[in-house]
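J.: Chains as they are written, first to last, in the numbering used here: chain A, -11 to 518; chain B, 4 to 192.
Keep in mind the hints are simulated off the structure, nothing from the lab. There is no bait here: all hints are sound.
List time: in silico SDA-like cross-link candidates among lysine to any residue, alpha-carbon distance up to 20 angstroms:
(1) A:Lys47 <-> A:Leu450
(2) A:Lys413 <-> A:Lys486
(3) B:Lys16 <-> A:Arg99
(4) B:Lys22 <-> A:Ala179
(5) B:Lys22 <-> A:Arg99
(6) B:Lys22 <-> A:Gly181
(7) B:Lys16 <-> A:Glu513
(8) B:Lys98 <-> B:Glu158
(9) A:Lys485 <-> A:Glu340
(10) A:Lys270 <-> A:Glu493
(11) B:Lys16 <-> A:Ala179
(12) A:Lys413 <-> A:Ser338
(13) B:Lys16 <-> A:Thr14
(14) B:Lys16 <-> A:Leu100
(15) A:Lys334 <-> A:Val323
(16) B:Lys16 <-> A:Asn176
(17) A:Lys276 <-> A:Met185
According to the in silico footprint, chain B covers these stretches of chain A (three or more CB under 8 angstroms from chain B):
(18) 171 to 178
(19) 227 to 236
Note that the coordinates shown come from a computational prediction; the quantities given were computed from them, not determined experimentally. C-beta atoms are modelled at their ideal positions from N, C-alpha and C, and glycine is treated no differently.
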Amino acid sequence: MSTTTVAHHDDHAEHPTGIMRWLTTTNHKDIGTMYLTFSLIMFFVGGAMILGIRAELFKPGLQLINPEFFNQLIGVHALIMIFAALMPAATGFANWMIPLQIGAPDMALPRLNNWGFWLLPPSAILLTLPFTLALFGIGDGALATGWTFYPPLSIQGGIGVDFAIFAVHLLGISSVLGSINIIVTVFNMRAPGMTLMKMPMFVWGWLITAFLLIATIPVLAGAVTMLLTDRHFGTHFFDAAGGGDPIMFQHLFWFFGHPEVYILLLPVWGFIPQILETFSRKPMYGYKAQVYSFWAVGVLSVVVWAHHFFTSGMPVPALLYFMYSTMAISLPLAVMFFCWIKTMWKGSMSFETPMLFTVGWIILFGIGGLTGLVLADVAADAQYHNSYFIVAHFHYTLFAGGIMGIMAGTYYWLPKMTGHMYNEKLGKLHFWLTAISFNLTFIPQFFLGLAGMPRRIPDYALQFAEFNMISSIAAFTLGLSQLLFVYNIVTCARGGKKATAQVWEGAQGLEWTLPSPPPYHSFTEQPTVK
Amino acid sequence: MASIDESKVLSAKQQLDVKNQRLVRKLLWMLLGSLLFAFALVPIYNVLCTMTGLNGKTQNSATLLAKAKIDNSRWVNVQFTSSVMSGLGWNFYPKTTSVRVHPGQIETVIFVAKNTTNEVVVGQAIPSVTPGIAAANLKKIECFCFIRQSLKPGEEKAMPLRFFVSPDLPKDVSDMTLSYSFFPAVQLK
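Given the sequences, and given the hints that come with them, work out the whole structure.
T.: Take a look at the structure:
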């Protein structure tokens, strides 16, 4: 009798309604939806900031915003895009898809999951509040050091730095909680028969990401805490007058900062082979090779950090070590690219929106990777360091390689999550507008960097005017095209053609065995994997 | 029948809970480990830099003085530069901008500091040597940077630096630069 009550409770979507549903939910799908929504909102907040920057850079000279505000926009744009848009998007998909893909009823630690999400909105507010406070004459605005917090500038900065430090603490706690949850879920909650080497690539990507987060986020938290005590409590970790060293901060920061790049990318690298095999209608090539490559990248990522500041001064042997180890990362990546291309090879391919985004992603992320090799070269880096070349490079890896990958995943799983098909025509239009305007925004920035235009400067020499104008116009097109994305998601969530359980003809995996949308509580009885 | 099922279900769930808690505890230890590692990096970094001279950090010891033998076969050019950090109202410059010395030979140079404000100001000089590979070879016997310097309003002070270049200076180094930055001294309670 009591068994039936337990089952009864599990089978029905009984939850509080209205705002209390979202505040108190411990359901992985609800929390996933909240993460994804939050990420989408912050994507537009961060995007609006950078459009302010591009508007100022449209013409040489200072027209719209003063240099202090310009610096604040740049730093906060980066922090928001990295910590409040890309990372929550990946965590949102982890919440939605990992339990579905490994056949688990929910995440292992559902309450922790809820807490992990609700730390995010306060930290986003902390990050942006100084802008508002400055309007009322309190403080001098947000963090103006760039997202890297380098001392001594960050020690001299105003209250914006303190707000950003506390925001980073909260964001760090949130992502570490998420990571613990994911590791425990993946290790303990897999369906019978789902061995580690049968897990979908996305789950693998996240497993390694989660370990990287646990290893590196505390180092960032430690570094910004030292900054905080340097600012207010008379310590001298980074203050040369007291025996400290500002360069040490760069080491601490990038010890976190470089793995962070792969933290953002590994989940996306998990999307790609799954989408490719679906739309090529053949099993992915080199599953094991890809898993081992993931591990190789994960391990290498924590031993290459100093290539971010070759120009800060290092002895030659250290320069050589960091150059070669950085270049070594391209080897496992080359393996992955090969596997992705081989997966498509002789497949019966079709180009729905997720596939368009994925194929575009492979090309654009490839450009990001190759320009990274150029930057890894110590001799060349002296020229490219802190120029627009690096700006273009990391937008190829993080906008194309990160956000466009997330978009591919969104279109791929949206019918599964909502139960409706999105508008394919609009989706394709969104892809083409995004891909073209993205390239038009950032290709000119490669040229600007080669010609010597420094980053983080609100004004520039006349010779850079044309390329900046092209870049600004394209950036606004890129920003506005994203409205199509939102429109498509919202209309798809509200209704539309019913999606089947499998959604895509070639889709494989446990999540496609459930109806679309999956019931509120799924896999209460674990499936068996052969 | 039903009650047996229930106990089975619960115990499986409880088992999973125990398993989960155990793994969470391990992961929390990992987390604590990386946090401690972050703070341990501070002394590790300092020790590593002083040992190897990475980053131009010099050693403040003069203990090797007696052992130093003058190597007359080679010359080293030592240059001096100076800078004053913002917030310190001083003029500060070396009287001689460069000297040629044999490794092992003790040399004295004078730096001059003048307080241009009308208050007593305390400053602290921080040295740095390039190339970093030679930093450990510059030995200071007496230096105004060993202690904080206090200047009365308008006071000018000539401050000596006695040093030698140790004879184990790498063969390919023929020039080195010693740079001093004067910082406003940190107020100790």
